[in-house]
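Asker: Chain residues, written in single-letter form:
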Amino acid sequence: MKRHLACLAGGLSLALALTGCGKGSSSDSGGSDGRTIRFVAAKYDDDTQAYWTALIKDFESANPGYRVNLEVVDWEQMDSKVKTYVQTKQEPDILNYNKFSDFARDGLVHKAQDVVSPKVLADFLPLFRQKAQYEGTQYGLPFISSARMFFYNKDIFAKAGIARPPSTWAEVEADAKKIKQAGYIGLGLPLGPEEAQAEFQIWAMNNGGGWTDASGTWAIDQQANVDTLTYLRKLTKDKVTQPNPETTNRKDVFNQFAQGRIGMLNGAVFMRKGFIDPVDAKLNYGVAPLPSKDGSTHKTLGVQDYLVAFKKGDGSNKAAVKKFLDFFYQKENAAEFVSTEGFLSVTKSAGEVLSSDSRDAAYYKPFVDALSDAEFAPTDDPAWAAVDGAVKQRIGTAVAGGDPAKVLDEIQKTAQKGD
Amino acid sequence: MWLGPATLLILTMVVWPVIEMIRTSLTRVSSTGQSQGFAGVRNYTDLFAEGDLPGVLLRTLVWVVGVVTVTLVLSLGLAGLLNSRFPGRRLVRWALIVPWASSVLMTALIWRWMLNNFYGVVNRLLMDLGVLDAPVNWLAKPGLALAAMMGVAVFVSLPFTSFVLLAGLQSIPAEVYEAARVDGAGPVRGYLGITLPLLRPSLVVAAIINIINVFNSFPIIWAMTRGGPGFATDTTTTYLYKLAFDNQSVGESAAMAVVNFGLILAVVLVYLRVVRRQEDTA
Amino acid sequence: MKLRTALLTAVGWLVALAFLAPYAEMLLTALKPTPELMKSPPSYLPSRWEWSNFTHIWSLTDPRVADALVFSLYVAGAATLLALAVGLPAAYYTARHSFRGRGAFLLLVLVTQMFAPTALLVGIYREMVSLDLTDTAEGLILVNAAFNLPFCVWILNAYFASIPRELEEAAWLDGTGRFGALTRVVLPLAMPGVVTALVYTFIAAWNEYVVALTITSSSNRMTLTRAIPGFVTSYHEQWQYLFATSLVSIVPVVVLFVFVERHLVSGLTAGGVRG
Chain A
338 MKRHLACLAG GLSLALALTG CGKGSSSDSG GSDGRTIRFV AAKYDDDTQA
388 YWTALIKDFE SANPGYRVNL EVVDWEQMDS KVKTYVQTKQ EPDILNYNKF
438 SDFARDGLVH KAQDVVSPKV LADFLPLFRQ KAQYEGTQYG LPFISSARMF
488 FYNKDIFAKA GIARPPSTWA EVEADAKKIK QAGYIGLGLP LGPEEAQAEF
538 QIWAMNNGGG WTDASGTWAI DQQANVDTLT YLRKLTKDKV TQPNPETTNR
588 KDVFNQFAQG RIGMLNGAVF MRKGFIDPVD AKLNYGVAPL PSKDGSTHKT
638 LGVQDYLVAF KKGDGSNKAA VKKFLDFFYQ KENAAEFVST EGFLSVTKSA
688 GEVLSSDSRD AAYYKPFVDA LSDAEFAPTD DPAWAAVDGA VKQRIGTAVA
738 GGDPAKVLDE IQKTAQKGD
Chain B
42 MWLGPATLLI LTMVVWPVIE MIRTSLTRVS STGQSQGFAG VRNYTDLFAE
92 GDLPGVLLRT LVWVVGVVTV TLVLSLGLAG LLNSRFPGRR LVRWALIVPW
142 ASSVLMTALI WRWMLNNFYG VVNRLLMDLG VLDAPVNWLA KPGLALAAMM
192 GVAVFVSLPF TSFVLLAGLQ SIPAEVYEAA RVDGAGPVRG YLGITLPLLR
242 PSLVVAAIIN IINVFNSFPI IWAMTRGGPG FATDTTTTYL YKLAFDNQSV
292 GESAAMAVVN FGLILAVVLV YLRVVRRQED TA
Chain C
12 MKLRTALLTA VGWLVALAFL APYAEMLLTA LKPTPELMKS PPSYLPSRWE
62 WSNFTHIWSL TDPRVADALV FSLYVAGAAT LLALAVGLPA AYYTARHSFR
112 GRGAFLLLVL VTQMFAPTAL LVGIYREMVS LDLTDTAEGL ILVNAAFNLP
162 FCVWILNAYF ASIPRELEEA AWLDGTGRFG ALTRVVLPLA MPGVVTALVY
212 TFIAAWNEYV VALTITSSSN RMTLTRAIPG FVTSYHEQWQ YLFATSLVSI
262 VPVVVLFVFV ERHLVSGLTA GGVRG
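Chains as they are written, first to last, in our numbering: chain A, 338 to 756; chain B, 42 to 323; chain C, 12 to 286.
What the hints contain is simulated information worked out from the structure, not anything from laboratory work.
Be aware that one or more of the hints could be misleading.
[Said to hold, decoys possible] In silico PhoX-like pairs for lysine-lysine, Cα to Cα no more than 20 Å straight-line:
1. A:Lys659 x A:Lys448
2. A:Lys743 x A:Lys754
3. A:Lys517 x A:Lys448
4. A:Lys630 x A:Lys619
5. A:Lys619 x C:Lys13
6. C:Lys13 x A:Lys517
[Claimed, not checked] FRET-style restraints, in silico, Cβ to Cβ:
7. B:Arg241 x C:Leu178: 48 to 58 Å
8. A:Asp575 x C:Leu142: 53 to 63 Å
9. C:Ser63 x A:His635: 41 to 51 Å
10. B:Arg69 x A:Gly650: 54 to 64 Å
11. B:Pro228 x C:Ser63: 49 to 59 Å
12. B:Gly303 x A:Asp443: 28 to 38 Å
13. C:Leu142 x B:Gly303: 56 to 66 Å
14. B:Leu166 x A:Asp492: 24 to 34 Å
15. C:Ala115 x A:Gln753: 24 to 34 Å
16. A:Gln667 x B:Leu166: 47 to 57 Å
17. B:Gly227 x C:Arg111: 44 to 54 Å
18. C:Leu14 x B:Ala188: 32 to 42 Å
19. A:Gly371 x B:Arg69: 27 to 37 Å
[Unchecked claim] Some chain B residues well away from chain C (every beta-carbon gap over 12 Å; in silico):
20. Glu61
21. Phe79
22. Leu94
23. Pro95
24. Arg126
25. Leu137
26. Val145
27. Arg165
28. Val193
29. Glu219
30. Ala298
31. Val315
Glycine included, every Cβ here is placed at the ideal spot set by N, Cα and C.
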């Protein structure tokens, strides 16, 4: 019997030794000396990792003794990652994310004023700063922003005999029909789970609808929203959109627009860098304000992502976090991220850097201008995360089999449950 | 002593998470994942109040029964084929191995790519062959999408199942067939009367492993439709993931996971009992 | 008889074609130049064969395909060895001895088989945190080994049971001792079973996705399955690299499989008969 034991022990220790040698190079995360911080960044595209790696290298050589451990996470995996981190109390020191308010509600994150210098705080454009507050206090640090405009393919418009981009919904419908007759997809309408909440909001707010009423309480089931979906449903039934908007993701229509198959759609600022240029840099397209029901006002949808700094036990991480954040928000560094990824700046100083020396300024200008009166998703409401999930899952069904009023009703219930 | 390490590994890596999960299903969890105390059975009542649940359960049943049945029937044919002699048999066996060796995630992604409405090669091929007039959006209509995904699930289950059955076929001694031929049994009667009964142990094993794998299958649905549109192509496994990460209700998701396990346990036990009863009567 | 062989051959080759077609399309897509990928309707063959797609994936910094390949190899290899190291004695013992608790042990194994890690994600992650194994290779190795152990035990158990006890006893009498009998007689005879268990575990661990996604996060501990979906994000899609990398991960396993295919069938034979 003894011999068996020895053999077994030998086998086990072999296995353990094998599994043990993997740890070797791993760097210690969450150092207790207060000089090592963990930063989880979202992956916007292939350049993201390279940008942060370079920035962290600069930061570490400028601040000897400080270390930043970087993790870059895909957007598609971000929600589940963040949830597991928080649930298991493994939050990073700094997180790059698109929500912050439920962290603030649960007391998990530092106030903005505690983790960046007053100079940085004052540098944020007021519009974004205001959207980074929870109950009157700023917790989120605006990071990047994006705006939506109406993209149209000029060659297709010429073939369909359309002189200028549509301004009202009636014109959208008429033009889409003409484009369809010319043999293209009239309107790209992505109501699949990827970004359905954004697409819906774009149409709804240009019909006087939206997520909340004037007093700020959830009003997802309001009549203007029902009308919006009814209109989109009609476009779908008339087959002037791409087939099955309820399962089409945003990137699907962006790709087909780049391929020259779609006449017009609600596009985003990063579409040029991520979708059009890699496929056909010579695509002949124009950018116009988002159409509205009656054509009187044209609102744009603003999107901003945040950085948030999590509280860690005794708060010993605060100094290192502040050092790193102040380093990032130096105007050249912040501007470089924005231009690398094809987004819009959230700080005055970086915005100035970009508009002064960028030959791309002409492309970005209409987006920047539109941002001044943009509407945002209510990311500052803690129930938003649940609403966002429900909208992504359900809203598309309203233009397919479902009944718009009923679908909106379901989502309204989710919102009220979350409050 | 011999069993110690194995038991230890199972207890720590499988049983511990199970207990953790049952505990979570009885806890109130906020949208950020903070635990907020004991919830009683609230997560369960919330779960059973979800309007989508009956559809999801029904679909799971169709999914499991459909995929496992089709897989077994096709695998019987494939195993028979691979057991006969013909030139290139070895190469055909190797070809069959490829979907087994590939990650299910990658296989699901290539199928999604091929079935795409705009640039999918399946539509192009069917249109060139004159089967279709216009592209079909395979993954957009719930019924069609479910059928397509079941097809992919069968595709990835076939290799393992066929090999198990092939192994079963090869364990049948040639003398049995000789004896049958002497008795004057034709090929059909020989197959039904001799091959199938002798193949029975392999069939049972293949069925159980398939039921478990197909029931728990996640990557196919996740990569191809994400359970959409809405929840129209979800099974319990993708649904519980969405409950946690889209609807932000971790507690309810844990409750779904517990129910899910109860279901699979029930299915396997019922199956085993039926098999055993047949054995007793046979 | 000739006709039958011809028919079988035809059907056999058609089947092979059907099973290979998706992977052929994977290869063709991986060889297309960027602007052609999303063309609608699609082309069957690339207009220009972009072989550089396959070289380019090695020079990317995010993800680093070569690192991911090594890491996947390490995790899957170690998980397989661990599963065999603990599975072999357990399978041998339950096959040779009837003892109190044998039924309970086999039941535990069967029930384990019914759990998929997907359903237990939150529990697994919490446990990894308690054990301080998040974002480590060890965590992945342990989970992969544990969830594949049932299959190993089951197949090996069946195989050991099929080896006549007399052979082993004869070896004892020859003076090789119990341990010698085990290593020199039983194990070689059980080789097909061992190979089957090994291949099965390796493939399952090599292809595992959801657990890797949940418990590891840093980019230097990234499995191939975790790296691959990263080529397609909301802001940027590179299907050609996704499929090129997929092929890189598929080919070694197919080769491994082809080498052991013969053993596989006899390994599964015992499992099937006894299971």
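Asker: Beyond 12 Å from every Cβ of chain C: is that where the Cβ of B:Glu61 lies?
Answerer: 4 Å, violated
Asker: Are all beta-carbon distances from B:Val193 to chain C longer than 12 Å?
Answerer: 9 Å, violated
Asker: Given the hint of 49 to 59 Å, is the C-beta distance from B:Pro228 to C:Ser63 inside that range or not?
Answerer: For B:Pro228 and C:Ser63 the Cβ distance comes to about 54 Å; the hint holds.
Asker: Taking the closest pair, is the beta carbon of B:Glu219 still more than 12 Å from chain C?
Answerer: 18 Å, holds
Asker: Any Cβ of chain C at or closer than 12 Å to B:Phe79, or is the non-interface label fine?
Answerer: The claim holds: B:Phe79 sits with its nearest Cβ about 17 Å from chain C, beyond 12 Å.
Asker: Is the claim that B:Pro95 lies outside the interface with chain C correct, judged by CB distances over 12 Å?
Answerer: 20 Å, holds
Asker: Is A:Lys630 close enough to A:Lys619, meaning Cα to Cα at most 20 Å?
Answerer: 32 Å, violated
Asker: Hint check: A:Lys659 vs A:Lys448, CA-CA at most 20 Å. Holds or violated?
Answerer: 11 Å, holds
Asker: Given the proposed pairing of A:Lys743 with A:Lys754, does the C-alpha separation stay at or below 20 Å?
Answerer: Given that 20 Å is the threshold and the Cα spacing comes to 17 Å, the pair holds.
Asker: Taking 20 Å as the top limit, are the C-alpha atoms of C:Lys13 and A:Lys517 close enough?
Answerer: 57 Å, violated
Asker: Can you let me know if the beta-carbon spacing of A:Gln667 and B:Leu166 is within 47 to 57 Å?
Answerer: At roughly 55 Å between Cβ atoms, B:Leu166 and A:Gln667 fall inside 47 to 57 Å, so the hint holds.
Asker: Using the beta carbons of C:Leu14 and B:Ala188, state whether their distance is inside 32 to 42 Å or not.
Answerer: Holds: the Cβ-Cβ distance is about 35 Å, inside 32 to 42 Å.
In this structure, the earlier hints numbered 3, 4, 5, 6, 7, 10, 13, 15, 20, 24, 25, 26, 27, 28 and 30 are contradicted, and the remaining ones agree with it.
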